Amino acid sequence: MGDFSGPDLISDLPQSIIETILIQLPIRDAVRTSILSRKWRYKWSTITQLVFDEKCYPNCHDREAVQKSVVEFITRLLFLHQGPIHKFQIVNTSLQNCSAINQWILFLSRNDIKDLDLELAEGGEFFRMPSCFFGCEKLTRLELSRCELDPPASFKGFSCLKSLNLHQVLISPEAIESLISSCPLLESLSLSYFDCLALTVCAPNLKYLCLEGEFKEICLVDTPLLVELSVAMYMTDDVAEHMEQSSTCNFVKFLGGVPNLERLVGLIDFTKYLSIGNDLGRLSIMYNNLETIEMYQVSFEDMKEILVVLRLITSSPNLKELHISGSSNISAATYAAGFEFWERECPTDSILSQLKVVKLTEMSGVPHEIEFIKFLLGCSPALETMSIIPSMYDLECQLKMLVELMKFRRASTKAEIYFIRGD
Amino acid sequence: MASSSSNLISLKTSDGTVFKVERALAKTMKTVQAIIEEADANIYMIPIHNVFSHHMDMIIDYYKLSVAGKSKEFSVEKLDNDELKDFLLAVHYLNMEDLFEVLTQAVADRLEKKSVGYVRKYFGIENDFTPEEYAAIRKKNDWAFKGDDIEPEEDEEKQEE
Numbered sequence: 000m001g002d003f004s005g006p007d008l009i010s011d012l013p014q015s016i017i018e019t020i021l022i023q024l025p026i027r028d029a030v031r032t033s034i035l036s037r038k039w040r041y042k043w044s045t046i047t048q049l050v051f052d053e054k055c056y057p058n059c060h061d062r063e064a065v066q067k068s069v070v071e072f073i074t075r076l077l078f079l080h081q082g083p084i085h086k087f088q089i090v091n092t093s094l095q096n097c098s099a100i101n102q103w104i105l106f107l108s109r110n111d112i113k114d115l116d117l118e119l120a121e122g123g124e125f126f127r128m129p130s131c132f133f134g135c136e137k138l139t140r141l142e143l144s145r146c147e148l149d150p151p152a153s154f155k156g157f158s159c160l161k162s163l164n165l166h167q168v169l170i171s172p173e174a175i176e177s178l179i180s181s182c183p184l185l186e187s188l189s190l191s192y193f194d195c196l197a198l199t200v201c202a203p204n205l206k207y208l209c210l211e212g213e214f215k216e217i218c219l220v221d222t223p224l225l226v227e228l229s230v231a232m233y234m235t236d237d238v239a240e241h242m243e244q245s246s247t248c249n250f251v252k253f254l255g256g257v258p259n260l261e262r263l264v265g266l267i268d269f270t271k272y273l274s275i276g277n278d279l280g281r282l283s284i285m286y287n288n289l290e291t292i293e294m295y296q297v298s299f300e301d302m303k304e305i306l307v308v309l310r311l312i313t314s315s316p317n318l319k320e321l322h323i324s325g326s327s328n329i330s331a332a333t334y335a336a337g338f339e340f341w342e343r344e345c346p347t348d349s350i351l352s353q354l355k356v357v358k359l360t361e362m363s364g365v366p367h368e369i370e371f372i373k374f375l376l377g378c379s380p381a382l383e384t385m386s387i388i389p390s391m392y393d394l395e396c397q398l399k400m401l402v403e404l405m406k407f408r409r410a411s412t413k414a415e416i417y418f419i420r421g422d
Numbered sequence: 000m001a002s003s004s005s006n007l008i009s010l011k012t013s014d015g016t017v018f019k020v021e022r023a024l025a026k027t028m029k030t031v032q033a034i035i036e037e038a039d040a041n042i043y044m045i046p047i048h049n050v051f052s053h054h055m056d057m058i059i060d061y062y063k064l065s066v067a068g069k070s071k072e073f074s075v076e077k078l079d080n081d082e083l084k085d086f087l088l089a090v091h092y093l094n095m096e097d098l099f100e101v102l103t104q105a106v107a108d109r110l111e112k113k114s115v116g117y118v119r120k121y122f123g124i125e126n127d128f129t130p131e132e133y134a135a136i137r138k139k140n141d142w143a144f145k146g147d148d149i150e151p152e153e154d155e156e157k158q159e160e
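As given, the protein sequences belong to chains A and B, one line each in that order. If you're matching positions, the first sequence starts at 0 in numbering that gives the first Met the number 0 and goes up one per residue. If you're matching positions, the second sequence starts at 0 in numbering that gives the first Met the number 0 and goes up one per residue.
Hints were generated in silico from the structure; no laboratory data involved. Predicted, not measured: the structure shown is a model, and the values here were computed from it. A virtual CB, placed ideally from N, CA and C, is assigned to each residue, including glycine. Any given hint might turn out to be false.
As the list claims (entries may be wrong) - Cut-off 25 Å, straight-line C-alpha distance, at most; resulting in silico cross-link-like pairs (PhoX-like, lysine-lysine): (1) A:K42 - B:K120; (2) B:K138 - A:K38; (3) B:K77 - B:K63; (4) A:K373 - A:K355; (5) B:K71 - A:K38; (6) B:K138 - B:K71; (7) A:K67 - B:K77; (8) A:K67 - A:K86.
Said to hold, decoys possible - Rough simulated footprint, nothing fancy, chain B against chain A, three-plus residues with beta-carbon under 8 Å: (9) 7-18; (10) 26-34; (11) 66-78.
Please put together the full structure from these sequences, using the hints given.
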């Protein structure tokens, strides 16, 4: 009969503990507990978090069979599930678009879904979210990948949504702007793989913003609480040209309303984007909480881009960590003009009193990079480490750069400079 | 707010041992924290039921590791299922979120990918299905049993006895 040894150690634990345990099992294992004993038959069916990941589908190369298996598994499971479902995630599976997903979304919309993460695999069609999706009133977190969103005219937004992450999602510019501004509690927004978007972000509670893609224009209107900003922006040549002709200052339009910023990361054409437009002189805004600045692909041959970086640095009195990556091409005979620029823009009394760590990568040794390093070393009395990673392999060039750096006055007696050559 | 004169809180376990712990550690125990906050005057000794001194030893170990950023080094491997269950109940009673998640994950890890027979034996669960019931449920939930990474069901032959 029974081949059990000793008392039952687990079946009488409170349901809340059992549920916590079941949620931490891969979902297939959780369902399989249904045949342990009578008590266990339905314990799995009330768990409120359902995560379908790479662990839940067979290890087999036949894509169609895998798709069929995953779809059957999820459909059957939802059919037997009882009670609310707060979290539903499909990630790292090879799930492609199929009509069954419509039924799953309908089911979730009727069961109080709060956290929805639907990431379809590469290579298939995008899944168009059904209209019932827009009725998920309790949604607090949404992540979609390879889907299509077309909100109906009657849609008033998700009033509880705090986190929105759209990756490779088809949605019209008006719809995305409207979606952002109609979610009053939105704190975290991430948009990636967008094409040719002109975006105005209006989100009074937004704290974290991450943008990646080809943007024609980005405007931050009413984002006073923003704390972290990361922008990887591609600008096609014609967009750049068109922008040059406009006179509005992109820097102010973009960073003018974010006084509480703590961390700023800019990649690809971001510095270039900010440099466009009339220079309005010294900024009136100070970023008192900005402690980390990371700017990549900064061209040290474009004086306007250097000015953007300098303005940022000199408006951030509490800056602790600076990471700048260059993108200059060292031309054969570089004669750089404009050294008076440095005297003009960097008054000798500018002090970066909190700056501790500086990392400079992709340094090609162009004259203005050298001047920048000179500026940093001379103005940072609290500096602890500066790492410089040259982009060129030529020993002669590296040596030339080092010789220049050696001359510079250091405001900090503690500063250690690391010249890191890739070997 | 009444505060004790020192930064140590005294906790008395079920087996009568008194532990003097830092306020910060007591704060991670929501049950204890609630007792402190509700008290008007200074509390000298807080009794913690269902918690034994060997549980407190492990709780203190975990706390020290997590303060040093090494919470991943905490392991309950040496505990058998009975001990793990008791510890889990103690931590559940004290309402300590992080440690509770660590322990439920430990239980989940002991269950993962194991055959049904193994799980029953390991936790002492009695199979009270009739062979017909068992076969019916197994068939109905067949969709959940596909996958070649799961151990085969050793006890299925026994069902035919």
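Do the alpha carbons of K67 (chain A) and K86 (chain A) lie within 25 Å of each other, as the hint requires? Status holds; Cα separation ~23 Å.
How about the segment 66-78 of chain A: do at least three of its residues have a C-beta closer than 8 Å to a C-beta of chain B? holds (count 5)
If you count the residues of the segment 7-18 of chain A with a beta-carbon closer than 8 Å to a beta-carbon of chain B, do you get 3 or more? As far as the segment 7-18 of chain A goes, the hint holds, because 7 residues have Cβ atoms under 8 Å from chain B.
Does the structure keep K373 (chain A) and K355 (chain A) at a Cα separation of 25 Å or less? holds, 16 Å
Regarding the pair K71 (chain B) and K38 (chain A), is the alpha-carbon distance no greater than 25 Å? violated, 33 Å
Agreement of K67 (chain A) and K77 (chain B) with the hint, judged by alpha carbon distance not exceeding 25 Å: Status violated; Cα separation ~42 Å.
Checking one constraint from the list: CA of K138 (chain B) to CA of K38 (chain A), max 25 Å. Satisfied? holds, 18 Å
Would you mind confirming whether the straight-line C-alpha gap from K77 (chain B) to K63 (chain B) stays at or under 25 Å? holds, 19 Å
Does the structure keep K42 (chain A) and K120 (chain B) at a Cα separation of 25 Å or less? holds, 19 Å
Counting residues of the segment 26-34 of chain A that have a beta-carbon nearer than 8 Å to any beta-carbon of chain B, does the count reach 3? With 7 residues in contact (Cβ-Cβ under 8 Å with chain B), the coverage given for the segment 26-34 of chain A holds.
Within a Cα-Cα threshold of 25 Å, do K138 (chain B) and K71 (chain B) meet the stated pairing? violated, 40 Å
In this structure, the earlier hints numbered 5, 6, 7 are contradicted, and the remaining ones agree with it.
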